[in-house]
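**Q** Residue numbers (this note's numbering), protein chains in the order written: chain A, 1 to 418; chain B, 1001 to 1334.
None of these hints come from the bench; they were simulated from the model.
A couple of the hints might just be wrong.
Claimed, not checked - Chain B is faced by these chain A residues, among others (derived, beta-carbon under 10 Å):
#, residue
1, A203
2, Q301
3, G356
4, R360
5, L393
All residues carry an ideal CB built from backbone N, CA and C; glycine is no exception.
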Amino acid sequence: METSRGRMPTRSDLAGGGRARVAAALALAALLGPAHAAPEGGAPTQARQPTPLAIHYIERRVERPKPLNNEPPVPDDEGRAGAQLGLADGNATGRFVGLRFSLRTSVVEPGADLRAALTEGEGARFLVVNAPAADLLALADMPETRDAVILNVGAPDVALRDRDCRARLLHVLPSRDMLADALVQLLAHKRWTRILLVQGPGAGDAAYAEALRRSARKFGARIVAESSFDARGADLRDSALREFALVTRGPEHDVVAVADEAGEFGPNLVYNTASPRPVVGTQGLSPAAWGRPVEAWAAVQLQARFAKLAQRPMGPVDWAGWMAVHAVTEAATQLKSADPEAVRRLLLSDRFEVGGFKGRALSFRAWNGQLRQPVFVLWPGAVVAAAPVEGFLHRRTELDTLGLDAPESACRAFGGSR
Amino acid sequence: MIRPALLVLALLAGPARAEEIFVSNERDNTVSVIDSRDWSVARTFPVGRRPRGLTFSPDGRRLYVCASDSDAVQVIDPDTGRLLHDLPSGEDPEQFALAPDGRTLFIANENNATTTVVDAEARRVLAQIDVGIEPEGMAVSPDGALAVTTSETTNMVHWIDARTLQAIDATPVGQRPRHAEFTRDGRTLWVSSEIGGTVSVIDVATRQVVETIAFEIKGISADRIQPVGIALTEDGATAFVALGPSDRVAAIDTRTRTVTAYILVGRRVWHVAMLPGGRELVTTNGVSGDVTVIDAAALKAVRSVKVGRYPWGAAVRPAPGAARPEGRAAGGGE
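Chain B with its partners taken away, still in its complex shape (with noise of 0.2 Å):
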């Protein structure tokens, strides 16, 4: 087993970055790990049943899947693919974001219109709280402060003190909200609604919608532009938006909020993940059964890899060995 380890060693010398992308593969009940070296399928692994929403511990250690389900949150050796053991989750969690602390987990429970905040470490549920109707996205500030969850009936963004864990406040948005992503400096909060067709932008401060983002694709009709996932770059300059039946992925110029191009992807693209140093992103195609690597730069596809059936999530990690801080996740917030 050296020679494999010198090898791997070997093709990390210099600059060549490296990452593993994971994608959660809702129809199959497994996770397929793709390696950017080569952007082949390194390995696939079977997790619970309907898996969505995935995420990494800061260290990169951890998988956390959200076993929808199975009602479960698993906890994943990603190097193996080992279940090491589930999470207290509530019921039905669709997606989740950690918390910088790395540990406090804010999970949204789709059936049951609550959001269930869990201690990582400890295991243990720190709070259920009530929310909309069908709570889908979840983010969680940069400092930590406030955790957002949307629900996709009851069409709102709530917000909730992560300190005190009370719902504090909520703030109506567009047809069934889906993501939410707040912005690096945590001024702002992105959140796309998939029948309303459009991306709020919310100031965090007041609470309030200040623009509200449309979408217009030439020979598409408006109802198949449906935005679920948001991926902000590293410098905040550009956000890319999933618009589902669209099969098309938008650019958007934060500063001035206009759409600077549509890229065609593969089919129901649902999520869309940022790699570490904001050269490529990637995006999973629902129906397609595939993965489409886009030139954040150049706007452009590059590429597309074949998973399994309904991918729905991704997070990325440096691939064993390459020593990268953070890795990134859609669909699963950060």
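Okay, chain A solo, but in the shape it has when bound (with noise of 0.2 Å):
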């Protein structure tokens, strides 16, 4: 791979002079040779260097508090790191259709604007946002990104794919409402129906709660009783064992679904609960994009490139990240075109289906701009299930049971009716 990332050769290049590599030792006589002196890789592709599809990469720089237990916390490079092997894969295959593409990336720093990072961005039509449902919101209205395409990948807001939603604006993350949706359809599943919530003090953990109450009632489960939690000023490695048991105690139920983004009592929840019930929702048995753990449909080799990058495991939003450079460096690969008006009609069409080592094609909802996807529901040992979850079925695909689907979303911005 080294050899072929300083340029990205076409079609003919490989033709004329593609490198057969007999030993590394030969490998390294060639690229230091005489023919291959040059970055460029010699006179005959100089000319032809494809101008780069141009990708940004902004991100949001968000505090977050010390994770319990001495996890460890978030990486400060997550969803970063996966657009750059989006990047790496995309210039990987581009080479052989005379593509390239560039990623530049901004990050902000909290309190700052968002929206001066684009004057960074030279007018790059594709931006990967990392950041809260606000800024995207504000960079979704600026007269700037009028011809842009935004994509999401860190923003789990319904409400961005429902009244709130932007032409233009995709969601490579899944929404809270599909996490939900895909751990009740596993519930529903098993028959674990009997809910006992417990909810944190945060704006997520609320946006969560209301999530799994509405999967609820999509899926016929039932929350028995519901309680909130507050971790502020209680040290748990004291008093878990006495305020969990209290929080927990209730009706019959089944589980017990907490709701709790930040991560601030939930680990700590698991195995603590007053009846012998499995912990599921933000902690214990969560629904994901992505985690460690998965590795059917050949996931092993994404996860195997990411760490070989990253040097650490691959998380939702690095998935996000991978996948929404992916979808673009695709359509472009598809179309053999690196035209930043053909690649973003191609993205929006209702005809663009991409791979996201998840077992099935992807594609973006007509409706609110959702890429629709398999969510995983797992616990960091293994994947317990896939959802769409066998059983549950919809006339167009088992993935828009995860979900608002089309008469759902109150989503005009796409035009409503494609």
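Hints in hand, dock the two standalone chains.
**A** Here's what the structure looks like:
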């Protein structure tokens, strides 16, 4: 791979001077030898070096609490490393059709204006954005992004796929309701349908809990009791045994669902409930776009490439970052064109399908721009199921049993009926 | 030891065919050997880690196995299961194809986007060729002039000049191309696309897709129909395509390029291999851990044979004593 990263030979380039590496030493000699001395790889290709299709990764840095129990913190390059792998993959593919892709990354500090990052972007038409909902909307509403496609890889907010949607704002990360639907499908399948819900104090926790309530109604599960828990001021190492027994005491239930997105108490709730019940939700058995134990559908290959690049396991936002760049480069490759307008049209069309190591063809929903995709239900040790779970049917595709279906979404920015 | 040998000879007298089907069990790190006379598992022997593609030397006396997690192509005595030696294979060999010369092996290295070409007799790497991401399917044209590999994430067929060992062209196909199979006349290449859900029929002279075959099974959602293995009958009239988690094998009339039957087999069918004579074919079913035997004329599954965990590839050779000219392989090319 190293020999090909420096330049991206075109198809005819490969025909003329494709390299057969006999051995490492020989390959090195070839690289250093006179024919390949220039970084561009020799005169014949220099003139035909294609103009790259520009992608701009924009991230809002978020301050997070220190994780409990000596767990590793959310990596600094979460999402970004995924986008970088997407670029490497895209270029490895693009060279066979004479395409090249570039990725600029901007990381915006807390409090700073995210929109300022756009001026560094040299007018990239494809923006991969890892930032909260407010930032996404601010970006989408700028006149400068009128012709851009924004790919959301960090915000799970349902509202962005509902009444707050924007034309050309695509969502690669599954929404909270897709996550909740995946989890509740599995619970319904196992007939663990009586749920005791414990909710943290954050706005995200409230949104996650609300998504669980909606999913329970959708798939015939029942929230039998609700309680809330605020870890602030308590040292869980001392108080967990007593306090969790109180908040998880209630009517007969099959599982304890927890909504604690920041992980401020959920990890300690596992095995610490009043009744011997599994913990599900943001901790315990969790729905996620991706995770370390995912290995089916050739995921092992993607996991290995990511680990090599980032020196750590791939998380959901990393996968979304990879997937966003992969979708753009794949659309360009299918078109054999770096024309941003043509790529944008294909991405938004219902003809576009792309693989994502989830065992199915993925595509963007025409009514709200959400990437339809399987969601894994996993714990750190194993994938328990991939939703849609067997038996949940939909007339279009079973994937549309997860999240807002066309009639349920209030989004009209995409033209509504398409 | 004389008596059993005589007995075997007696059994072989007359027109009775006898083949051995070697099946790689990805999870067990073993190969199961099925005897076609009674469809029993005659023996099982250990191989390297995560065995996938496997194929025979033209004389059937050497078995090559891609042990992908051992980063090796193993050369095994098929009679005893004894490992003779490893071939240098490059990282993560997934599938391979043996050229008609019986010694040039083209190996797809899934993890590092290369095709490794090995002289199996001299045990020497002839070349490593850059191809797309996650190369998997490998095939060599019957005249030995061309090799092709399919790259699962780049979604292309890469054409390799087998003489110069250079990549000369690439043809885009459907999402996640997994297996490639030349027709016997070498004019046409069949390529399955697992996520695209299609089979591309490619004209070898122009390297253009001339037909894309789609599948439709009543009661099975389209995205569970995931074509992987392909086998063509000796007369070239029928193509059999393994359709993954739909648990079906499609039979395709190669002249009209239409599906004539969907045959229910075991769960998550990976590959298919024709038996010489073309009366039967076998499938490897990864999830149910068995092999389905299909009557190729009746287009019906006739029996299933339990093997190890995650059976993946299959290769066929005449049973010792039965003089049959050649073996055929799936999940390893020919």
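**Q** Under the constraints set out in the numbered hints, which ones does this structure not fulfil?
**A** Violated hint (a single one): 1; every other hint is consistent with the structure.
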